[in-house]
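Protein chains: 2
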Amino acid sequence: MRDKSQLLSQIHPARDILSISSHVVHGKVGNDAIQFPLNTRHWNVDCIHTTNLSNHPGYKQFKGSKSSPALIESLFEGVRDIKLQYDAAIVGYVASKDILETIYQKILLQLAEDTIVVVDPIMGDNGRLYVEEALVVLYKEIFSDERCENLIDLVTPNQFEMEMLTDIKISDLDTLKDAIRLFFKLYKVKHVVVTSVNFEDSDGMLCIGAKSDGEMYTVSVPKIDAVFSGSGDLFLGILTDRFVKSNGDLAGSLKHTVSVVHKVLEITYELGIDQPPKRYVDGKPYVPALRLVESRRFLQEDYIVKCGVTTDTTFL
Amino acid sequence: MRDKSQLLSQIHPARDILSISSHVVHGKVGNDAIQFPLNTRHWNVDCIHTTNLSNHPGYKQFKGSKSSPALIESLFEGVRDIKLQYDAAIVGYVASKDILETIYQKILLQLAEDTIVVVDPIMGDNGRLYVEEALVVLYKEIFSDERCENLIDLVTPNQFEMEMLTDIKISDLDTLKDAIRLFFKLYKVKHVVVTSVNFEDSDGMLCIGAKSDGEMYTVSVPKIDAVFSGSGDLFLGILTDRFVKSNGDLAGSLKHTVSVVHKVLEITYELGIDQPPKRYVDGKPYVPALRLVESRRFLQEDYIVKCGVTTDTTFL
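Chains as they are written, first to last, in this note's numbering: chain A, 3 to 318; chain B, 3 to 318.
Extracted from the complex, chain A is given alone in its bound form (with noise of 0.2 Å):
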């Protein structure tokens, strides 16, 4: 108090986000996934839990529910009456196609013009699908609506929702670039990250960051032999960070993202896997829970990852 603009100085400044998707009271997937490494990188992180669950069905069991579509708009209403502006919105896991309705004419459709959004489009992985089919019709229809044009500024698909979005079967590089041509072409989104993309002749995995100008980022990471909960998420919340902070420097931001993953990936696999209950899924250890606590200081925005990303640009 005595020395006010000394204090002042110590302080980095907070923007404010909200982060609509899941609640696990264990383990770290959707906004527990999200809210401390945002927090860490200096984001007041508003949550809009979609489940209130135990844990995630990665564990083979669960208690809790799903939030009601009811309740999802009447906490965003109340959050509206007391505070008008986010500088980001993300919209992660959505359990059901009437909450992803609410949230889209409830919430999206309500924010400040300047809020960049951010949505996930979770629908399943590793060719399964893991929500209601009608959800994908919904997303479909959402990405095309006249109103997203200026709305929604990055969509994050893997390989499998990408296929689902377009109907096209992704192998190779030349089946991805169809994809993303046809993403564009029927869905008003100035950008699109394809994460998780898998060739059954690549020894790393692939993430691709596209812009509706015909830019394209490739960027490249070793795989890590395992199955994880949760990374989508953590991606979905560093990505969100980045892209906000640089301006929407796709290429930077999806660099820098793939990067942190896969360190904190690293640190899970190798703290995590020899801990029961070992269990392998498609024949690979499963890992449930990210160790985000212990990945503290390689999820601040001023540490340098050093791992072997390469990237690469082309254009569609």
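Hints were generated in silico from the structure; no laboratory data involved. It is possible that some hints are incorrect.
Simulated restraints on C-beta separations [claimed, not checked]:
id	chain 1	residue 1	chain 2	residue 2	range
1	B	ALA72	A	ASP203	44 to 54 Å
2	B	ASP284	A	GLN12	25 to 35 Å
3	A	GLY126	B	ASN200	56 to 66 Å
4	B	PRO15	A	THR312	29 to 39 Å
5	B	TYR132	A	THR312	53 to 63 Å
Sample of chain A residues lacking proximity to chain B, with all beta carbon distances greater than 10 Å (derived) [what the hints assert, rightly or not]:
id	residue
6	PHE38
7	TRP45
8	PHE78
9	GLU79
10	VAL139
11	ARG149
12	ASN152
13	GLU202
14	VAL223
Predicted model, so just to flag it, every value in this text is computed and none were measured. A virtual CB, placed ideally from N, CA and C, is assigned to each residue, including glycine.
Fit chain B to the given chain A structure using the hints.
Just chain B, lined up with the frame of chain A:
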């Protein structure tokens, strides 16, 4: 992966805590004031939310609802089914007698014996009760229950709550000591911390730590001329961290906690006092949201806080 031992040498091990308190979308109270500071201090924080509100009532309006006792019970059952042991558990804001009954019977009594349990009996402040009267009765019943003796390690009432628990009006050091003596006579709890003690004739605010064997520590901290929401929750989180990690060094834990909370309140005051909506409570400016993200470096356990804290050790 190539150099596992080097990677692991950079990792600080995490502990596991169950935190049962309120959730608000916007603002920093309850679990939203506990989770980030404890994450920063290397705790995995499993949150069971007793409310799901848009914001705390200090904003004068809010939406959302309390969690049902059935949901709270079911969430813990789900967690217990996959993960048996916590290093510590916190009970913070509990909205009703039914919920507290469930937390005690279905959660606390089911925890492993060596889990450190800290309960903040949140009932009111500044002479005002803001929960149902039946909750006060239930706290008294729980703290005097014989099973409590090896269960609840520390209870953290504020001055008003200590008055409610002991039916003694605390107006000076003598009546405070009377209340603490009676507390240990009535209740089967080994440690108590009385927070935010204001005597009419004193400049500073006192926090008192006392053990059932008669030791008592007084920590004095300068008053900040404003009213905050969430400071008690932050206090609870930091105190639990220190109390567990120091193996029950109450005096050291109390001094550290008071210092950290004071620093955060200073930062919150300086950043928040000029911002709308301007409102006064009991003639003092009201600052609704703690600046936890902005205070990040001061929340880390290795940060040495220097503020005007004095301590004194006496006996009851």
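Going down the list of hints, with the structure as the test:
In this structure, B:ALA72 and A:ASP203 meet the distance hint of 44 to 54 Å, their C-beta atoms being roughly 52 Å apart. Taken as a hint, the range 25 to 35 Å holds for the pair B:ASP284 and A:GLN12, whose Cβ atoms sit roughly 30 Å apart. Checking the proposed 56 to 66 Å range against A:GLY126 and B:ASN200 shows it holds: the Cβ atoms sit about 57 Å from each other. In this structure the hint that B:PRO15 and A:THR312 lie 29 to 39 Å apart at CB holds, the actual value being about 33 Å.
Against the hinted window of 53 to 63 Å, the Cβ-Cβ separation of B:TYR132 and A:THR312 comes to about 58 Å, which satisfies the hint. Against chain B, the non-interface label of A:PHE38 is violated: not every CB pair exceeds 10 Å, the least being about 5 Å. Once the 10 Å rule is applied to beta carbons, A:TRP45 is inconsistent with being away from chain B; the minimum gap is 7 Å. Listed as outside the interface, A:PHE78 is inconsistent with that label: its C-beta sits roughly 8 Å from the nearest C-beta of chain B, within the 10 Å cut-off.
A beta-carbon of chain B comes within 10 Å of the beta-carbon of A:GLU79; the shortest separation is about 6 Å. The non-interface label for A:VAL139 is consistent with chain B: the shortest C-beta to C-beta separation is roughly 29 Å, beyond 10 Å. No Cβ of chain B comes within 10 Å of the Cβ of A:ARG149; the nearest lies about 24 Å off, and the non-interface call holds. Consistency note on A:ASN152: stated as away from chain B, and its beta-carbon is indeed over 10 Å from all of that chain's, at 25 Å minimum.
For A:GLU202, the condition that its CB be more than 10 Å from all CB atoms of chain B holds, with the nearest at approximately 23 Å. Distance check for A:VAL223 against chain B: the nearest CB is about 12 Å away, which clears 10 Å, and the non-interface claim stands.
In summary, the numbered hints that this structure violates are 6, 7, 8, 9.
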